[in-house]
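**Q** Each chain is listed here by its residues.
There are 4 protein chains.
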Amino acid sequence: MSLKVVIIGGGSSYTPEIIEGIIRRHDTFPVSEIVLVDIEAGKEKLEIIGNLALRMVEKAKKSINLSWTLDRKEALQHADFVSTQIRVGGLAAREKDERIPLSHGFIGQETNGAGGIFKAFRTIPVLLELANDVHEICPDAWIINFTNPAGIVTEALLKHSPHQKVIGVCNIPFNMRHSTAEILNVRPEDVKIEFIGMNHFVFGKKVYVNGEDQTQEVLTKLANEGLDYSPANIVNLGWSKTFIEATGLLSNPYHQYYFQTKDVLDKDVKAFEENGTRAEVVQQLETSLFDLYKNPELNEKPKELESRGGAFYSDVACSLMNSLYNDSEDIQTVNTMNNGAIPDLPDHAVIEVNSVITKHGPRPISSGPLPDTVKGIIYQMKAFEELVIRASITGNYHDAYTAMVMNPLIADERGSKVLLDELLEAHNNYLPQFNTGGKAE
Amino acid sequence: MSLKVVIIGGGSSYTPEIIEGIIRRHDTFPVSEIVLVDIEAGKEKLEIIGNLALRMVEKAKKSINLSWTLDRKEALQHADFVSTQIRVGGLAAREKDERIPLSHGFIGQETNGAGGIFKAFRTIPVLLELANDVHEICPDAWIINFTNPAGIVTEALLKHSPHQKVIGVCNIPFNMRHSTAEILNVRPEDVKIEFIGMNHFVFGKKVYVNGEDQTQEVLTKLANEGLDYSPANIVNLGWSKTFIEATGLLSNPYHQYYFQTKDVLDKDVKAFEENGTRAEVVQQLETSLFDLYKNPELNEKPKELESRGGAFYSDVACSLMNSLYNDSEDIQTVNTMNNGAIPDLPDHAVIEVNSVITKHGPRPISSGPLPDTVKGIIYQMKAFEELVIRASITGNYHDAYTAMVMNPLIADERGSKVLLDELLEAHNNYLPQFNTGGKAE
Amino acid sequence: MSLKVVIIGGGSSYTPEIIEGIIRRHDTFPVSEIVLVDIEAGKEKLEIIGNLALRMVEKAKKSINLSWTLDRKEALQHADFVSTQIRVGGLAAREKDERIPLSHGFIGQETNGAGGIFKAFRTIPVLLELANDVHEICPDAWIINFTNPAGIVTEALLKHSPHQKVIGVCNIPFNMRHSTAEILNVRPEDVKIEFIGMNHFVFGKKVYVNGEDQTQEVLTKLANEGLDYSPANIVNLGWSKTFIEATGLLSNPYHQYYFQTKDVLDKDVKAFEENGTRAEVVQQLETSLFDLYKNPELNEKPKELESRGGAFYSDVACSLMNSLYNDSEDIQTVNTMNNGAIPDLPDHAVIEVNSVITKHGPRPISSGPLPDTVKGIIYQMKAFEELVIRASITGNYHDAYTAMVMNPLIADERGSKVLLDELLEAHNNYLPQFNTGGKAE
Amino acid sequence: MSLKVVIIGGGSSYTPEIIEGIIRRHDTFPVSEIVLVDIEAGKEKLEIIGNLALRMVEKAKKSINLSWTLDRKEALQHADFVSTQIRVGGLAAREKDERIPLSHGFIGQETNGAGGIFKAFRTIPVLLELANDVHEICPDAWIINFTNPAGIVTEALLKHSPHQKVIGVCNIPFNMRHSTAEILNVRPEDVKIEFIGMNHFVFGKKVYVNGEDQTQEVLTKLANEGLDYSPANIVNLGWSKTFIEATGLLSNPYHQYYFQTKDVLDKDVKAFEENGTRAEVVQQLETSLFDLYKNPELNEKPKELESRGGAFYSDVACSLMNSLYNDSEDIQTVNTMNNGAIPDLPDHAVIEVNSVITKHGPRPISSGPLPDTVKGIIYQMKAFEELVIRASITGNYHDAYTAMVMNPLIADERGSKVLLDELLEAHNNYLPQFNTGGKAE
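Chains as they are written, first to last, in full-length UniProt numbering: chain A, 1 to 441; chain B, 1 to 441; chain C, 1 to 441; chain D, 1 to 441.
Worth flagging that the hints you see were computed from the coordinates, not collected in a lab.
Simulated pairs of lysine-lysine, DSS-like, Cα-Cα distance not exceeding 30 angstroms: (1) K159(B) - K205(C); (2) K205(B) - K159(C); (3) K359(D) - K221(C); (4) K221(C) - K417(B); (5) K205(C) - K417(B); (6) K262(A) - K96(D); (7) K417(C) - K267(B); (8) K417(A) - K205(D); (9) K267(B) - K303(B); (10) K417(A) - K270(D); (11) K359(C) - K205(D); (12) K270(B) - K267(C); (13) K159(C) - K159(A); (14) K206(A) - K159(B); (15) K270(C) - K262(B); (16) K267(D) - K267(A); (17) K159(A) - K205(B); (18) K262(C) - K96(B); (19) K359(C) - K221(D); (20) K294(D) - K62(D); (21) K205(D) - K159(C); (22) K262(B) - K417(C); (23) K417(B) - K267(B); (24) K159(D) - K159(B); (25) K267(B) - K270(C); (26) K359(B) - K221(A); (27) K262(C) - K262(B); (28) K159(B) - K205(A).
Please read all numbers here as calculations on a predicted model, not as lab measurements.
Required output: the full structure, derived from the provided sequences and hints.
**A** Set out below in structure tokens:
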């Protein structure tokens, strides 16, 4: 029996991680075929990754048929799982998403604020096309989306493509679980966190260790010891004792952008002035990673990959595919339709939620009404996400503008226009939907 | 480490089943102490059951300390689980719940219609007192309620007692899963059903066998082969092909009361005229059961118990206690707070729902909006249940009257008064809350 | 400036009332043109009514250009208001709606139960076609629908036609206000009632006389004096003291079908056996009315019209048109989109609600959550109405079946099929949408 | 028949306006008694105002019995209307509300941001005490609250006092209607605006002139002519064309704080550095006003009062009292319980909404779901208001902190603590509820 995984954006420097994840789970998730897909511009990287992946499979002695191609439609034939990890416009585009807002005194970040909005604008049309292809060519396949902004992209696909087998994943809940285990000095597999909210805006509400509620222990440690909780790729300013005690929640690192805006901005502007954008730093990192990857002796995922910040992203994806395949009914934190799990949010909203993973998809576990302290900002973020999705589809200038002005990191009616015009100009090549009906006179 | 189970209504003829269930699971659920509790009037039966249970434990060679008592508060000391299976007023009260409505041309049934309402009126105050005791004496204990009407009683406890560790169970979902397995000729453990609705008003929405959707197969078989789906204790008229195809849902046997009212009534009236009420039939059954139980040779649950209709009720309860104890995170169908799992119903409503069973309680799995075909009647039944609970607490005559008149099996403004007055009179001894502010002049 | 009213179903015996209403309001609602429209089968009656209407206008010395035609599209040119009062299939169809259910032991009534469902099935497609024409020919015109079941029909038009200027009216709230005034011995214009619910399922929640709350006074009188509250065309069995006191609401006469089902059925079956259906009684009434109308001396609405039961229907419609025209901002009870006025019901549901009447349509006044006692049955009725509308549009047999079985006056899975098959057969000519995909094999 | 109005905060410089409003409406709102109430600290001003008011009543030749007192309970005897216009801590407190945030780089404003939060903290306990007195002494009296933050204060009273006859008013909707009339060059009484949102966060959704929709005309004028729309007391930076066109809504002047934060802050900081706080400016204004008021020749409201910014506030209050008294059923924009009028917001939330004014209170007109563009921020503001109310009642430090950090004008976890500690210290005398359980260690 065949089991085929297609990796869209196969030339990504993260691919070795997903290959490793598949190899490691081969007993329960017996993949027989992997196809790496990329676009013309990524051809060279695809070759490098493809060859490394081949060496990894060989070393592991797994009977997996691994290949790579630029022909996406061909690759999708008979696929069972399609994972997506693309970056429309590459790091050059990310550099603009970071630089332009920063240069006007706004947060410039890959998945939040103006940068995140434009990443969504560029990505959604491309992935909608993919979803349409999947629906036609391999309608039973699951799309596992880890392209950022993962929650927004997943909601856009579920709302605007006919393909409904789409799940979004992120490494943030995974990281929070692991950091919490570290703080408590227990094994990650013994820790369970009740998450509420959305991708990159998720909170931990309860922490259980082997079924015992240890939420207060974790909060106390965080409040008093100022522990590091951030992944490699974003700032870590820590949280004040008062904030932790008053909210009674585990914040995720991205919340710093919203509740420490000024401090983060100061730090980011300084870093930008000293080292350029994070995109530029990553570019160097990537270059050295690919130098490593080229080494024909290398036949496993190199340690250096973890410093990229996206570590464990593909591990999360592999776990998910494994449970879908095996109808495992274990609990994982994924991005899927709300359907009432958070009654304060619309039923048709993608949330990041603990879900039972079955062969027929994730079934979100009801988490009850949101805590009063954060329900307002969570609802607003969701409403903002809807505006981003609408503008991504319509390409309407006013729609894009309202998404900008209603983002808490912008929230400036004149600044929104400045950023919007400059970013539309900068990303012009990747925003076909904005070409007509775009810029207001 | 001690693990103590207290069985309220320990003199019930069902108790051997729960004892058997505990013995069978002793490896994973190592109960060290069982106390059977009953009231003065049930003393004799308690002795018989107690002795049988002792013989069962001995035969099984488990180190369980089993005892019985009339002192409930003493029994609750250090309890971990408290199961409730009581019948306020005994079978004599049930006989009235059945006879009085039937004699006026209304459905007379133990848990539905006027009879079910009065069972709730009698039961809720008694179990509220128990819940208060539990909260004071053993606040960490779970109450596993399988006293009917199980959903209404559970909602009443969760809304009106301080004790929030209360879960209701019923054997109907269990039976539906087993019948479905039989129909499909597969093992019950390979069948999963997505349930929606409330206790005794639950529908099956999807049937999965080893993760494959086989809903249509089951519906087709039910529509064409007219299979028996009912437990021993209620009528089985079967469902018409059109009803099954048009709703696309698995109905439960109790739905016959609502969608085949006239036919059921005809059959029940005839049975009543020929054999008296179901209560009287059960009384005979019980008498012969206790005759068996007395036999000092008997040291296991006798086969005859299954014909009582409540078969597997306690099996369901034991499974649940086992998973709570072990933080199993498996999925069971229980009665617990909605919290958005069915967004059409209030958050603070008890529903019967597939839930992940953790050490810290059941976490309902979101099932999305109700199907359009049944959302109206489900919502109405829930609103009716709220009226029953309110009247159970207030003892207000008008509250009781509105519960009667808004029940679809009564729905008669003059008949409601006749039934209400006659039932209040008949059950007078068990309805202290109605003594003042009761009967309208 | 022209002001044109088109009356669809102009040959109706009710038309003189609407003509009288327009004449009476001519100072503030200066209609310049009235066109009566009917179909070929109603040609003769249209002539009679047309001539009577002409004589009425002449007597009143109003400069209104009145004409009649079978050409609907022509008539709609430049229309400002389009009123609809049609009966698809005529009284012969109504006779079947009444007779067939009664002959199987179910309520047989024009606008409730199986009869009401089939009236909706016949009417909705015809009025959707009208609404489409209006939208194309005179898009600024208001459709004032008083074709029954008025609430369901209005919801169907608002949901399934592009024309959104549709308002439903009924005389029941008007009658309740007048009866209440009579009971209290005050002027109707001094009485205000807060209504909640839907057409033919509306309750009065509060009664104010000149701003003073007199709800209790009215309820007490109703409870103790057993006053007559019904219009001419439906039964009047009165309400029991207990029902009135326990609900604390003013029921409308149609509620008798739901809360006195057995008694109403007995009475209706008896009346049916003695005098045939209500349709046949009405047929005789109509014949004598038209005999009166033919009299060339008659130049005003004859008193006899009021005994038809629909009295004041057109008065309500004229009041509404007057306020729409004048942007009056007075309060009238109409059938319009909920939009949150009753938060328990869907936003996109037509309710019967006190509304501020402005030039741009009715603005429903928020009435807050439904009373606990009736929220269940009201929600269920609304869910049932949605099923009726769906089946009216799809013509799907299973959709029609679920509407039948979920109606509280049927609620019988086998009976539903019997009634459905017989009524589909009987009304075959008027149900084009059921011709394909109709009857299940 | 007596009709008594009690003015709490009668020594306010605004009082002459309300006196004038009562005199002007005396034919339809025949007030027979007015009592001005103030506290010891305001005794001198109360005398001045009292004497001026007496001269005004005499000049108008109305038989109104006018007096003033420091004995609030005595004054409330037999009151029909109680208006509240108090400033706990006086302008000195306001000065701190403005200065402290500004000095840390945050918006410092009377009713928004940190200043508004502390005004709520000081005001709510005082007005709750008043509401309790009213409920006891004159339970049928309406409280007309125009003490800011009017929406939050009104919600606090309706949620936490037994007195439910409380309505909040503000001059912003009045001003927006008048400015719109000016822009369109029509009479204010011909203009109607559909408002959505909350006090000081209200938007105009539709503008009707004599029933015709002129929303686009108004938006176009605002977008192209940059008209002044602000009251005297807050900044006016105008709105960009893009913002107006993209939202399609009439913003109110306070929205500048949220969508032009940086620009407003720059301007306010500059003004603060040049002229001190707005409180200090107002202090001078007040001093000159009272100088005028002392003049025994003055017997009418002086023109100069209008420059205070609160102009028309009391006109709005008088209109409302007049309609309540007369059961007018006209439409006014007031702060009252939502009850579903905006289905996106909780039923138990005070909103600023067009309502039908009846003798038994305002009945909000349903305005349907919020526009997608602003629903997020409106919901968030409402959730924030709930946090403010909770902290006002509990006096809990963490509650106060979360209200600060969740306010979009603060949204800074470290800044929130700085502001909170400094403001708690500064207002210590007026925050008895924070004395225990206050400051975190």
